[in-house]
Each structure stands twice: as structure tokens, then as C-alpha cells.
Amino acid sequence: MLYVVLFFLVFSLLLYVVLAGADFGAGIVELFSSEKNQQITKKTVYRVMGPVWEANHIWIIIIMVILWVGFPGFYNILVLYLHIPLTLVLLGITLRGVAFVFRHYDAYKDKSQILYDWMFRISSLVTPIFLGMTFGAMISGNITVTDNYETLSFYDLFIAPWCNGFSFFVGLFFAALCAFLASVLLIGEANEVERAIYVKKSRIATITVIILGFVVLSYGYINETTFVIHFIKNPYAITLAALSALLILPLLRSIRRARKVTTRTFTGLQVVLILIAALIAQYPNLIITSESEISILETVATDSVIKVLGITLIIGGLVILPGLFHLLKSFKMIKIFEQ
Amino acid sequence: MDNLDAARLQMAFTLIFHIIFACIGMVMPFFMVVAHKKWLNTKNPIYLTLTKSWQKGVAIFFVTGAVSGTALSFELGLLWPEFMKHAGPIIGMPFSLEGAAFFVEALALGFYLYGWNKLPEKFHWFTGVIVGISGVASGILVVSANGWMNAPSGFDYINGEFLNIDPVKALFNPAWFTQALHMTLAAFTATGFAVAGIHAFQVYKKRQAELHKKAFKIAITFGAIAAVLQPLSGDLSAKDIAERQPVKLAAMEAHYHTEKGAPLYIGGIVDNEKQEISYKIEIPKALSFLAFGDFNAEVKGLNDFPEDVRPNVAIVHYAFQIMVGIGTLLLVVGILFFISLKKKTWWQNNRFWLLFTILAPMGFIALEAGWIVTEVGRQPWIIHNIMKTKDAVTPMPGMIYSFYMYVILYTVLTIAVTWLMVRQIKFLNNSKSV
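These protein sequences, in sequence, are chains A and B.
By our numbering, the letter at position 20 of the first sequence is numbered 20, and the numbering carries on one by one without gaps.
By our numbering, the letter at position 428 of the second sequence is numbered 428, and the numbering carries on one by one without gaps.
Chain A on its own, in the form it takes in the complex (with noise of 0.2 Å):
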């Protein structure tokens, strides 16, 4: 049952990334947008967006839930060390929520939609950076565990786990991530004539990917970060990542020949490729404090604990998955009846 509790977390997480980020990364193609495509992509992220939106931000309270309930002293660690960067992930996670909801619903559309506009945009880019920073703190190996709050300042406790160039990057690597997913997602839905927005933008969006990408691995190799030399080291995450890397040459192909299914389908795998790669190499230790790493099974509930949340899991899955489907695919079906 472990392992179906683990299957749920990891398969929550990779949605979580691939539908939330995509979803960021649309309020970060339009803050980087001239102002007459940012009118543009309002619509279309909207149109795209808005019946599963909410939908895709539940995922990352599911994460929490198993975390708490299937590895206690595993959430722990997070919560206490990195309470400030939760909290700002969280304050942006709010204001971009509102944000998006005020400016669809407010019955009139005037100047306000100016502030909501511009809430909705530098939220979307500011959370998945704090996220990223996060998760990469979680493996930069900064966090110092231990009983006595007293013997230690509050900046080595609290602080500096998260505020480092390494987790710095990783937020940035994030937020390009969220951005290339966006770009791409809206290449399939826009207009002929608006087309040419999104597939610059996704150009760009790729090309900031592999530099953040390439900045993360020799910033962390240089500063012989614990994180990067298992990733280096490890075969299967190396080569998971030079597979993501290859799909480029097919995506810009499918790209260009405007085959909407295939296009999707390689962007999400090359996230989800760089996400298990990044887990691979560092399963199941997945926090690296100053002085040792914690593995996530080492701080596993009791084994009735797991049955039931696996259970719960399951049945919960049988019940929402469907329906996700069914959402997903009634828009999208409507949609090509309509044209």
C-alpha cells in the first residue's frame, strides 16, 4: 500500500506541475507581452483556462494532505524550515486566485481590470519562482535540523536554507518551465493570425529553459552541491534529461506543422522527464540538510495509517480522475463541434 501512497504523491505532484505551472506560466507569457497582446492573451487564457483552473490548484493541497498524513516527520522539516517561503508561495497562490476570478466576474469592466490584471500577471510569475525556491531548498543542502532553537540565529534557521543562489535558480528554472508549458498549451488554442504570438513566445520560452537549466546543474557543480553531483552521477536521471532534451528537435517539428495533440503531448512529457529524472537521483532521500539527507520512507506513517490513505486514495481517484477526463474532454470536444 506504500507504494500505491507514493504512486498518488509523485502522480500529484507531476499533475500539479504540469497543470498548475502551465497555468502560471499563462499569467507570465502575458506580463512579458506587448500590451496589445496581453489583451489577446487574457481571452485566450480564460477561454483555455477557465473551467479547470481551480481544478488544477487542488492537486497541491492533495500533496500536502499525503505528506502530513503518510510521512509526518517528513512534513515537518518542511513546514518548520521553510515556513517563510510556504507562506509566500502562499500569499501569491491568493492574490493570483482572486486576481483571476475579479477580473472575469466583476460586472463591470473598467479601470480596476487595470490592478486585476497586473495582480493576476506578477503573481503568476512570483509563486512558481517561490515554489521552485522550495523545492530547491529542500535539496540544497542549507537546512540545519535540530532541538535547540536557541544556538542558532534566526537567519541560519530560517533564512538561509531557502535564500541561495542555488534555490534562486531553481525558482527561476521553475517559472521558464511554467512559461514553456503556457506558450506551448496556448499555441493550439489561438487563431491563425495569433499563432505566430505563441510560437515566438514558446521559442523563447525554450531557449530560457535549457540556459536556467544548463545555470542550475555548473552553479550547483561549481558549489559541489550535494544535489547536482548524485544527478551528474546518476545514469538513468542523465539520461532522462538528455531524452528530454532531444524531444525539443520533434516538438519544434510538431510545432511547426501545428499538430495540436503531439505538441502537448511532448511538452508535458519533457516536464514530467525532468521532474523524475530530478527525483531519481535523489529517491528516497529527498531533503539534503547540512549535515546528512532524510529520506521520505524513514519518516513513514504506521502501516494502518498508509492502508487507509491508500484507500482513501484510491477511492478518491476513482472518483475525481473521471471527471477531470470528462471535463477536459467535454470543453475541448464542444469546442471542435462548435468549429
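Derived from the structure by calculation, the hints contain no laboratory data.
Glycine is no exception: its CB is placed at the ideal position from the N, C-alpha and C atoms.
Be aware that a few hints might be false.
What the hints assert, rightly or not - Each pair of labels, with its calculated beta carbon distance range:
no. : chain 1 : residue 1 : chain 2 : residue 2 : range
1   : B       : 423       : A       : 39        : 45 to 51 Å
2   : A       : 115       : B       : 303       : 42 to 48 Å
3   : B       : 281       : A       : 2         : 44 to 50 Å
4   : B       : 415       : A       : 4         : 43 to 49 Å
5   : A       : 295       : B       : 303       : 47 to 53 Å
6   : B       : 415       : A       : 292       : 24 to 30 Å
7   : A       : 224       : B       : 158       : 43 to 49 Å
8   : A       : 159       : B       : 407       : 21 to 27 Å
9   : A       : 295       : B       : 2         : 33 to 39 Å
Stated by the list, open to error - Here are the simulated DSSO-like cross-link-like pairs (lysine-lysine), alpha carbons at most 27 Å apart as the crow flies:
no. : chain 1 : residue 1 : chain 2 : residue 2
10  : A       : 109       : B       : 205
11  : A       : 200       : A       : 43
12  : B       : 300       : B       : 52
13  : A       : 260       : B       : 205
14  : A       : 329       : B       : 118
15  : B       : 300       : B       : 388
16  : A       : 109       : B       : 206
17  : B       : 213       : A       : 43
18  : B       : 206       : B       : 388
19  : B       : 274       : B       : 260
20  : B       : 52        : A       : 329
21  : B       : 213       : B       : 38
22  : B       : 205       : B       : 344
23  : A       : 43        : A       : 111
24  : B       : 118       : B       : 52
25  : B       : 213       : B       : 274
26  : B       : 169       : A       : 307
27  : B       : 388       : A       : 43
28  : B       : 426       : A       : 43
29  : B       : 52        : A       : 109
30  : A       : 109       : A       : 43
31  : B       : 426       : B       : 38
32  : B       : 217       : B       : 388
33  : B       : 285       : B       : 300
34  : B       : 43        : B       : 217
35  : B       : 343       : A       : 109
36  : B       : 217       : B       : 206
37  : A       : 329       : B       : 122
38  : B       : 52        : B       : 37
39  : B       : 37        : B       : 213
40  : B       : 206       : B       : 38
Fit chain B to the given chain A structure using the hints.
Showing chain B alone in chain A's frame:
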């Protein structure tokens, strides 16, 4: 202010706001589907206009409820890491089921909001019903987790360790049913009276009276039925608390001395130093009867408990008085509403509409007061008789800044949502479709 107080204030503050957003997001879908059904049955365009404007309200409140709920799911761990470390595995089941119910709600809402003229009529309407049902299910599950904090069960507590965990037993803890019933009815009462009050004000101001009267009737019907049923559920809760958390009952009633045939105190001013309550109305033997169904039963007073396990008596007592007082008021007005259905002339009288306008915030005031009774009444425990709140708080200093940040954030959010609602109503009143 020390770290513990700051963390408690932040938790209280975020909960107070989340409860309002979540209740409206949970109950309004029911109003919306009733209006929608009436549109499908009568094809009266007023109902379509009403459905569509309520749907916007649902969307706005759903999202503010969802994001403030996401914030809370993080805050549980961020503020109370020691609590979550032990309680997380035990009460994980209601939370994971709540996640699933909430997910269903989000999916159904996606179908509903975007399904106009796209989905088959009946299926589209039905997705709205699912929004309502899954919303109520989420509410019940979350309250069950809170019930566990009042009535911890499903584990053995041996030498400071939580052993033999049984998540199913924890889910169905002794407090879950009474608390969930009381809260669900409270949500319907509060939202019913709030929404009805807003529409009553529009009728009072003679703006689009036909539409607002229809809206009023739908909302108040839910609110009034719940208000009439609420005292029964309150009685169940009181008996339950008397048995499981006698110190909480003593604080609610500001009873310092253990006695048989205990009187019920209404109102009054609590003096914790002198251990007495002055200027109260006293009903002989009523408390014993209400708590145990026996006029001569013994009710434990606060003096029977050590000082360090007593909650803040004044806060709990006043909050309880506010809750019961408003509850009684809404019960009476609820009955008046049902009479008004027979006496149509009342609806022509502007004072009728003024009354409901004034009552609009009352249900929510009572609901918040009720949560203050539950939560402050449980102190100093975070898990009743097992773990103290001060032992659960995060060791990270400076929580006061986090509190300030949330105060600013939620104040701005509340102002924004209120402003948005005012604009919705203005837009509705100016629309020509009616």
C-alpha cells in the same frame, strides 16, 4: 505579544474569514439551482437573470473560499507543526476525503459555469446540484476533523506517544455528528439571512422589486427552515459537551461552583477574579435540565478544574450569549416569515423589508460567536486533554509579522469582495433584461 498569541490570533483571524467565504460558497449553490430549476420550469426570464447573477456570486465566493482554505491547509502545519506531526496521520482521513469532495466541487463548478448552452439542459442543472452537495460534504468533513480535537479518539496515548492509530474511528469521533449538524444548519441560516437581507434591502429601496422579492423568497426559505431546526441541534450539542467537555460547558455558562439543580444564567457580566457573574437573569434548575435532561442533575463548576486547564471564561460566556441570543431572534423571525406567506399584506409593508435588511449580518455574527465558543472553550488544549496549544506552536520567532501580513491581506480581500458584490447588484438593477 508572544509568539503563541500571535500564532493563535493569526489562526483565529484566517478562520473567521475563511468561514464566511466557505459558508457562502457552500450554501449559495443551492439558491442558484433552485432559481435555475424555476427558470427551466417556468421560462420566466427573471429566474434566468437571477441564476446568472447568483452564479457570479458563487464563483467569487468559491474562489475566495478555496484560496483561503488552501492557506489554512498550509497554516495548520506552518503554525502548529508539533500538532500536525502527531495529529496529521490520525485525522488525515477527513482531510483527504475533504480534498476529494472539494475536487469534485471544483470540477462540477467548471461544468456549471462554462456549460451554459453547451451541455444538455438537465445535466447542466445537475452539475449545479453536485456543486452544492460536494460543498456541504467538504464542510462536514472539515468539521469532523475539528470534532476530533474536541473528542480525540482512534488512538492510544501511551507515554506521550500516539499508538494503535485507527483513522476511521478518528473520523467518526464522538463529536463529529453534533458539530457537523450544528455547523451545516448554521451555514444555511447565516447565508440564507445574509443573502435574503441583501435582496430585502433592494426591495426596501424599490429597485427591481419583482426580481429581488423572488430572490428573497428562495434565500430566506432555506435560512428560516435551518433557523427553526437549529435549537434542536443546539440541544444535542449542549448535552454532548456536558458529557465530554464539562469545563467548556461551565465556561459557556460562567458557572464557577459545582451544584445540583444548577440554574441557567442569561447575560450578565463575568468577574473572573471574584468568580461570580453579576446582572444576570437566572432561570432555576434550567441548566441541569438542558445539559442532562434532569432538573436535579449535578453540573460541574469551574472550581472543580485546575486553573491551568480553564479557558477564558468571559470570552466563552459572552460569545455563547451572542450565539444563543441571535439564534433565538432568527428562529422567531423565521417563523414570522412563514406566517407572512399567508398574510400577503406584510410584503407590501416597507418595515417588513427593513427588518430583514437589519438582520442580514446577524446569522454570521452568531456563527462566528459559535466558533469562538468551540475554539476558545477548548483552550488551553489543542487536542482536548492530550496536547496543549503552547506545545504545538512553531518555534520560529516573529509570528507577529506573519499575523500583520494576513490581517492586511484578508482586510483587503474582504473590502474587494464586498465592493464586487455591490457592483454585481448595481449591475443587476441596471440590467434591462427584466
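Evaluated hints:
1. At roughly 21 Å, the beta-carbon separation of residue 423(B) and residue 39(A) lies outside the given 45 to 51 Å, and the hint is violated.
2. The hint said 42 to 48 Å for the Cβ distance between residue 115(A) and residue 303(B), and at roughly 57 Å that hint is violated.
3. Remark: the range hint 44 to 50 Å for residue 281(B) to residue 2(A) is contradicted by a beta-carbon distance near 60 Å.
4. Checked against the hint of 43 to 49 Å, the C-beta distance between residue 415(B) and residue 4(A) comes to roughly 45 Å, which is consistent with it.
5. At about 51 Å, the CB distance of residue 295(A) to residue 303(B) agrees with the hint of 47 to 53 Å.
6. A C-beta distance of roughly 48 Å is found between residue 415(B) and residue 292(A), which places it outside the suggested range of 24 to 30 Å.
7. Taken as a hint, the range 43 to 49 Å holds for the pair residue 224(A) and residue 158(B), whose Cβ atoms sit roughly 45 Å apart.
8. Here the CB-CB span from residue 159(A) to residue 407(B) is close to 23 Å, well matched to the stated 21 to 27 Å.
9. Separated by about 35 Å at the C-beta atoms, residue 295(A) and residue 2(B) satisfy the suggested range of 33 to 39 Å.
10. Distance hint between residue 109(A) and residue 205(B) is fulfilled; the C-alpha atoms sit about 25 Å from each other, no more than 27 Å.
11. Note on residue 200(A) and residue 43(A): the hinted pairing holds, with a Cα-Cα distance of about 18 Å set against a maximum of 27 Å.
12. Between residue 300(B) and residue 52(B), the direct Cα distance comes to roughly 53 Å. Violation of the 27 Å bound is thereby established for this hinted pair.
13. A distance of roughly 54 Å separates the Cα atoms of residue 260(A) and residue 205(B); the hinted pair therefore is violated under the 27 Å criterion.
14. Distance hint between residue 329(A) and residue 118(B) is fulfilled; the C-alpha atoms sit about 13 Å from each other, no more than 27 Å.
15. Of the pairs offered as hints, the one joining residue 300(B) and residue 388(B) holds, with about 22 Å between alpha carbons and a cut-off of 27 Å not exceeded.
16. For a cut-off of 27 Å, the pair hint linking residue 109(A) to residue 206(B) stands: about 26 Å separates their Cα positions.
17. Distance restraint check for residue 213(B) and residue 43(A): the Cα-Cα separation of roughly 36 Å exceeds the 27 Å cut-off, and the hinted pair is therefore not satisfied.
18. Between residue 206(B) and residue 388(B) the alpha-carbon distance is near 54 Å, which puts this suggested pair outside the 27 Å criterion.
19. Taking the CA atoms of residue 274(B) and residue 260(B), the gap is about 21 Å. The hint holds against a cut of 27 Å.
20. Our distance criterion of 27 Å between C-alpha atoms is met by residue 52(B) and residue 329(A), whose separation comes to about 24 Å.
21. Note on residue 213(B) and residue 38(B): the hinted pairing holds, with a Cα-Cα distance of about 14 Å set against a maximum of 27 Å.
22. With a C-alpha separation of about 19 Å, the suggested pair residue 205(B) and residue 344(B) falls inside the 27 Å cut-off, and the hint holds.
23. Using a Cα cut-off of 27 Å, the hinted pair residue 43(A) and residue 111(A) holds, with the two alpha carbons roughly 17 Å apart.
24. A distance of roughly 15 Å separates the Cα atoms of residue 118(B) and residue 52(B); the hinted pair therefore holds under the 27 Å criterion.
25. For the hint pairing residue 213(B) with residue 274(B), the CA-to-CA distance comes to about 52 Å; that exceeds 27 Å, so the pair is violated.
26. Note on residue 169(B) and residue 307(A): the hinted pairing holds, with a Cα-Cα distance of about 14 Å set against a maximum of 27 Å.
27. Straight-line distance between C-alpha atoms of residue 388(B) and residue 43(A) comes to about 51 Å, which puts the hinted pair past the 27 Å bound.
28. Straight-line distance between C-alpha atoms of residue 426(B) and residue 43(A) comes to about 25 Å, which keeps the hinted pair within the 27 Å bound.
29. Between the alpha carbons of residue 52(B) and residue 109(A) the distance comes to roughly 17 Å, so the proposed pair stays at or under 27 Å and holds.
30. For the proposed pair residue 109(A) and residue 43(A), the alpha carbon gap of about 13 Å is at most 27 Å, so the pair holds.
31. A C-alpha spacing of about 23 Å is found between residue 426(B) and residue 38(B), which places the hinted pair at or below 27 Å, so the restraint holds.
32. The hinted pair formed by residue 217(B) and residue 388(B) fails the criterion: a straight-line CA distance of about 46 Å is larger than 27 Å.
33. With a CA separation close to 14 Å, the supplied pair residue 285(B) and residue 300(B) stays within the 27 Å bound.
34. Under the criterion of a C-alpha separation no larger than 27 Å, the hint pairing residue 43(B) with residue 217(B) is consistent with the structure, at around 18 Å.
35. Distance check on the hinted pair: residue 343(B) and residue 109(A) sit about 43 Å apart at the alpha-carbon level, beyond 27 Å; violated.
36. With a C-alpha separation of about 16 Å, the suggested pairing of residue 217(B) with residue 206(B) holds against the 27 Å cut-off.
37. Straight-line distance between C-alpha atoms of residue 329(A) and residue 122(B) comes to about 19 Å, which keeps the hinted pair within the 27 Å bound.
38. For the proposed pair residue 52(B) and residue 37(B), the alpha carbon gap of about 12 Å is at most 27 Å, so the pair holds.
39. Taking the CA atoms of residue 37(B) and residue 213(B), the gap is about 17 Å. The hint holds against a cut of 27 Å.
40. The suggested pairing of residue 206(B) with residue 38(B) holds, with an alpha-carbon distance near 23 Å, which does not exceed 27 Å.
Of the numbered hints stated above, those contradicted by the structure are hints 1, 2, 3, 6, 12, 13, 17, 18, 25, 27, 32 and 35, listed in ascending order.
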